[in-house]
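There are 2 protein chains.
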Amino acid sequence: MEQHLSLFYGLSILIAAIAFAFAAYLYVWVKRQPLENQKIIEVAGLIRNGANTFMSREYKILAVFAGVIAVLILLFLPSPIWKSDIFSNIGMAVSYIAGTVLSAIAGKVGILVASLSNGRSAEAAKKGIKPAFLIGFRGGAVMGLLVVGCSVLGVAAVLWIVGDASILLGFSFGASSLALFAKAGGGIFTKTADVAADLTGKVELGIAEDDPRNPAVIADNVGDNVGDVAGMGADLFDSNVAAMTSAIVIAQSLAGGAYNNVSMVFCYGILGLLASIIGIATARIGKNGSPTNALNSSTYVTTGIFMVLTALATYFFPGFSWRIWGAATVGLLVGVIIGITTDYFTDDSKPIVKKCANASKSGPAFTILSGVSYGFISSMPAMVGIAISALAAYKICEPMGPGYAIFGISMAAVGMLSIVGMIISNDAYGPIVDNARGLAEMGDLGEETIRIADELDSAGNTVKAVTKGFSISAAGLTVISLLGAFMSEVNAHLIASGAEPITGFDIMDPTVFFGILIGASIPAVFSAMLILGVDKNAQRMVAEIHRQFKEIVGLREGDPSAKPEYDKCIDIATTGSLRELIPAGLMSILATIAVGIIGGAKAVGGFLLGNIVSGLLLALFMSNAGGLWDNSKKYVEAGNEGGKGSEAHKAAVIGDTVGDPFKDTAGPSINTQITVVSLVASLLSAVFAAFSIFG
Amino acid sequence: MEQHLSLFYGLSILIAAIAFAFAAYLYVWVKRQPLENQKIIEVAGLIRNGANTFMSREYKILAVFAGVIAVLILLFLPSPIWKSDIFSNIGMAVSYIAGTVLSAIAGKVGILVASLSNGRSAEAAKKGIKPAFLIGFRGGAVMGLLVVGCSVLGVAAVLWIVGDASILLGFSFGASSLALFAKAGGGIFTKTADVAADLTGKVELGIAEDDPRNPAVIADNVGDNVGDVAGMGADLFDSNVAAMTSAIVIAQSLAGGAYNNVSMVFCYGILGLLASIIGIATARIGKNGSPTNALNSSTYVTTGIFMVLTALATYFFPGFSWRIWGAATVGLLVGVIIGITTDYFTDDSKPIVKKCANASKSGPAFTILSGVSYGFISSMPAMVGIAISALAAYKICEPMGPGYAIFGISMAAVGMLSIVGMIISNDAYGPIVDNARGLAEMGDLGEETIRIADELDSAGNTVKAVTKGFSISAAGLTVISLLGAFMSEVNAHLIASGAEPITGFDIMDPTVFFGILIGASIPAVFSAMLILGVDKNAQRMVAEIHRQFKEIVGLREGDPSAKPEYDKCIDIATTGSLRELIPAGLMSILATIAVGIIGGAKAVGGFLLGNIVSGLLLALFMSNAGGLWDNSKKYVEAGNEGGKGSEAHKAAVIGDTVGDPFKDTAGPSINTQITVVSLVASLLSAVFAAFSIFG
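Just so you know, the sequences run in chain order A and B.
Note that this note's numbering has the first sequence beginning at 105, numbered continuously upward.
Note that this note's numbering has the second sequence beginning at 105, numbered continuously upward.
It is worth saying that the hints were derived from the structure and are not from the lab.
One or more of the hints may lead you astray.
No copy labels: a pair is met if it fits in one copy or bridges any two.
[Stated by the list, open to error] Keeping only pairs whose Cα atoms sit at most 25 Å apart, straight-line, the calculated BS3-like set for lysine-lysine is:
id : residue 1 : residue 2
1  : 654       : 234
2  : 465       : 654
3  : 465       : 640
4  : 754       : 234
5  : 143       : 231
6  : 465       : 754
7  : 672       : 654
8  : 135       : 231
9  : 212       : 187
10 : 640       : 458
11 : 499       : 135
12 : 672       : 230
Let the hints inform the model, and build the full structure from the sequences given.
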């Protein structure tokens, strides 16, 4: 049996290597595409440099943060160093660092490729939609392949070396803490720049959105890559690692067949990566085909391939269960369905966006009320979908024996995340073609090229809504299985100390209930802190822009020799975003610890549940309402309800401004907040199991 | 022991009679106050007639609705009529009707008195703040006394006659279904009129808010009474009855001492009413004292009296427990503390309102973002407070034996609601002095009188925030104990059919989890339906106003012989509000039933929990954000951040418009939605215990 597992470790590393090789091929392919327009080369260079500035500033701060955490882990986890063997502690600290480093590498390379692809995609659009699409998609695919490759590689390597799933929690926590910086920090960064550029440029100076005189304009363009490429990548790296980790933790606690079950987790991870490689390699559009269809059909192809491959694996490998296959398949299918329902609420060819645009005719208050209402309603299908998939996975796997039902849920999460390579590719495609559209305009590539770039961009927006719904739901299922992992960890400690293991978290138990209510309020406060953080940080950047206009002679007048200091703005956005993020992250973590100390392990279980429930609700609400407002504004700008410049347009713009930090800062960061908190709980399970005031 | 209980039945009825007598005295006292100004008499008469129109329309529709439900109850509850003794079914149907009728009477009389008090309070303001305050306060107190008197009387009478707490659930459900109409329907009514009056009056015609030419203007004034007097009264009647009912249901299921425990519930109810009577009778302000202090100090006096009286009762009555007294006291104190923290977020002398007003200088999007953020944050103290009081009550009562811990929580809810007579008095005071202020202006009572009326009004707004936080939290504790009542009911059925009783709702059980996720999405969808309903209904009224301006000759020009048809607008607001409300209410109820049929009793337990958690979060968020925006606007209008007419003012007005349906329609209706769903679950517990697809 042990050998069986070693086979999958080996295969994991092999397939990850293939994914890396394929990513390298795509990288070289993208780099070879022609880029001749001088204006595009110049601006794309500025964006690339800006992204690099951001990355180096961010990683510098992160290195300090990760270093401190690593030392804390070394001293205290899995148990205080003076009580445990030192190798466990070293193992966990090292795997924590490995988690942050792998995620950072994937993010760094992803942004690098994205910033190479945007200009080339714009230039290719001169020749038609087909080559332009391919460059945008393949640029994004590098990130997708890297993220999944790194997660499969990392999980396999850590487990192979240390053999203990608890240590894997350290790796997952590393991935999570980086995701918190990349996603929430990146979200604050991108909206800081956006808001500051708009307030000073459009409002105060009356210059266009992309006017290069504005010192914030490069930061604004960098922001798209930072939030959607690096942020989304780190977020899904985090979810994918967490899903595999929790499945493995639960699998190791199962009586009998543990190795087969761990093998299955790796097998599904590997086959998901393989399916994504095939899906990416075959993605194409016809000469005049629709890019949206191309993106969606690649997703469906990947889904189909994954299901067939896992079915074959289940058929051929002894000890693989069809029930587990069923659970994973349910997870995957529900993920796709949730993506489609999300699309219904945010797509401007569907009725909801039109209703919101129509409400804007009565004024901005009605835009807001309409968006808030439909945002609330939109959370329901996804909540129901997650509920059904968890229930179905549980019921399918329950007959396998005690503990298998929860394992089934964790495999539904693994299944939902199996095609994550494809999802990230689609998602990273968005900001690339978004930038390409801007560059096509700046480079004067002509009307037809801009029209093509527009079409590519619009496909990116549509697909983005789907991938966002998907990633929130995947995080939802993952954290449910993390709850299972938490219980396994607590019980391991309880049994080791001779105490009775806990059998569950009863909501009629007031310590559990206590935890639930407090846990439910955390995502609300966390979101609020991020949104307020964007505001504060934007004010800092506005002050810097004012300084530059005052001190740099000729800048305001457009004197070509007067260069704005773009780097200063990027610096402010970076440092400020981390400064605003850290209190929000600490608040969540300290609340977890406080609840645990007051109410013990059961209160923490309740806390995690409350956190998941209100987190999912608010994340879905904010992401979808934000997407809805964004597309309503675009719908009005396309000439409906009075078109550009009308009162409805002004109202729709206000809706969009409210929606921006909803959908790009707070909403998608909640995922990460929930995962971080769940992992902190699992890591500290020994403490909560041993001591509490009322528990 | 039975005799002991009879004593409390008798006392309940006696004290309720004293409360009614005192209310009658106050009614006569208010009616005797002079009212001479002809203009005030005329407008106050229009408002009174409008309120009557609303009441008769609403009660007509309600009677049909209640009749249908009563027949359904008669046929199917507590168990199908062909399986049970017919007397239980008749008892439950009759007590259901009694619940609706008592609530309706309290609402009707309350509105009647409020509409007598407003003009008299305005006129008394000529003589100074002291008499004007007293009329406003005593007018509101009639409602407070009636609501609590009716609830104590009703619960005692039903239980005395039928002796079975399950039948009491029918009475409580009657109170809840009326509250749903009064609170949510009233909420839609008031905002429909408000929005339609603003859109046609201020925006289209450029006439003042209270211009009598506008056919919607009386509906708008009626709305304040409908929402805040009748709605709030029905809401707290509902909570109070539900708290007592669930405490009694749980007490009856306790082994040993059940009668003592039921006696304690009545004793606390009676003493709370007595304390409120004393508090109301002694409420005064000095000649130049502050009305806010007068209102708050009456609340503190009532709280103190209640604690002393219940301590004496515990000391003197054999079998009364100090632990239960502790639980009730914790509930009451936490209620007061939550009220104070709510005040911090919505009072314009505190920093949060100022920050939101300051954000308005950057435009309406920032007003919204600031309000949403602080609204989110404001939910936390109340959630933590409820969590702590539930945990403390549980821990205090746990040593008394199995089942007592949950009984402790239900007594914390009873304790929190004990001073509800005082709370309602304070709350109903608000719209009375609000109307008085408008009437003082219309009646040209002079600057000094208007200044006094202003001061009274502002005290009403401040106190309103506190009472809203209080009532949401009380509902929170009540529904927790309703969850306990639900489990008692399910187990009674399971034991009767020879099955194993359930011991709790484990969140790791996927049917529970399934319920939780779906339950959590219901308050979001319910709120969205109400908000969208306001919008749709307002459009209907706008169409009617346009018709009248077109068809009634001379109306637009202000010809005194051209009378607008105020009643038509009131009619539209009434019928439309019920039309919009019913789908939202049905959605909640049908979702409960669907979850029960799919997942059984455990799923319903989870559903109720999810509903409570997200309901509390959203109710607190919406109420507080709405209050914050309202007061930010007032703060700007008082001359800050640019004052009236500035850009900041325009932005603050948009915030206030968004906040209106948040705080007056959706937010406070969620309480009622949660209670209705909890009672439906308890009523149908036999069905869920007997049959489900996956349970």
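Going through the hints against the structure:
When the C-alpha separation of residue 654 and residue 234 is checked against a cutoff of 25 Å, the pair qualifies neither within a copy, at 46 Å, nor between copies, at 59 Å. In this homomeric assembly, residue 465 and residue 654 come within 25 Å of each other (Cα to Cα) only across copies, at 23 Å, whereas the closest approach inside a single copy is 40 Å. Proximity of residue 465 and residue 640 under a CA criterion of 25 Å is satisfied inter-copy only: 14 Å between copies versus 31 Å inside one chain copy. Neither within a single protomer nor between protomers do residue 754 and residue 234 lie at most 25 Å apart by alpha-carbon distance, with minima of 36 Å and 48 Å respectively.
For the homomeric pair residue 143 and residue 231, the shortest alpha-carbon distance inside one copy (18 Å) is at most 25 Å, but the shortest distance between copies (78 Å) is not. For the identical chains of this complex, residue 465 and residue 754 are neighbours both inside a copy (9 Å) and across copies (17 Å), given an alpha-carbon limit of 25 Å. Proximity of residue 672 to residue 654 under the C-alpha cut-off of 25 Å is restricted to the intra-copy arrangement: shortest distance 15 Å within a copy versus 62 Å between copies. Only within a single protomer do residue 135 and residue 231 lie at most 25 Å apart by alpha-carbon distance; the minimum there is 17 Å, versus 86 Å between protomers.
Taking the shortest alpha-carbon separations for residue 212 and residue 187, neither the intra-copy value of 39 Å nor the inter-copy value of 70 Å comes in at or below 25 Å. Taking the closest pair of Cα atoms, residue 640 and residue 458 come within 25 Å of each other only across two copies (16 Å); inside a single copy the shortest separation is 33 Å, beyond that limit. Proximity of residue 499 to residue 135 under the C-alpha cut-off of 25 Å is found in neither arrangement, the shortest distances being 49 Å within a copy and 66 Å between copies. Taking CA atoms no more than 25 Å apart as the test, residue 672 paired with residue 230 passes in neither setting, with 35 Å inside one copy and 63 Å between copies.
Hint compliance for this structure: hints 1, 4, 9, 11 and 12 are broken, all remaining hints hold.
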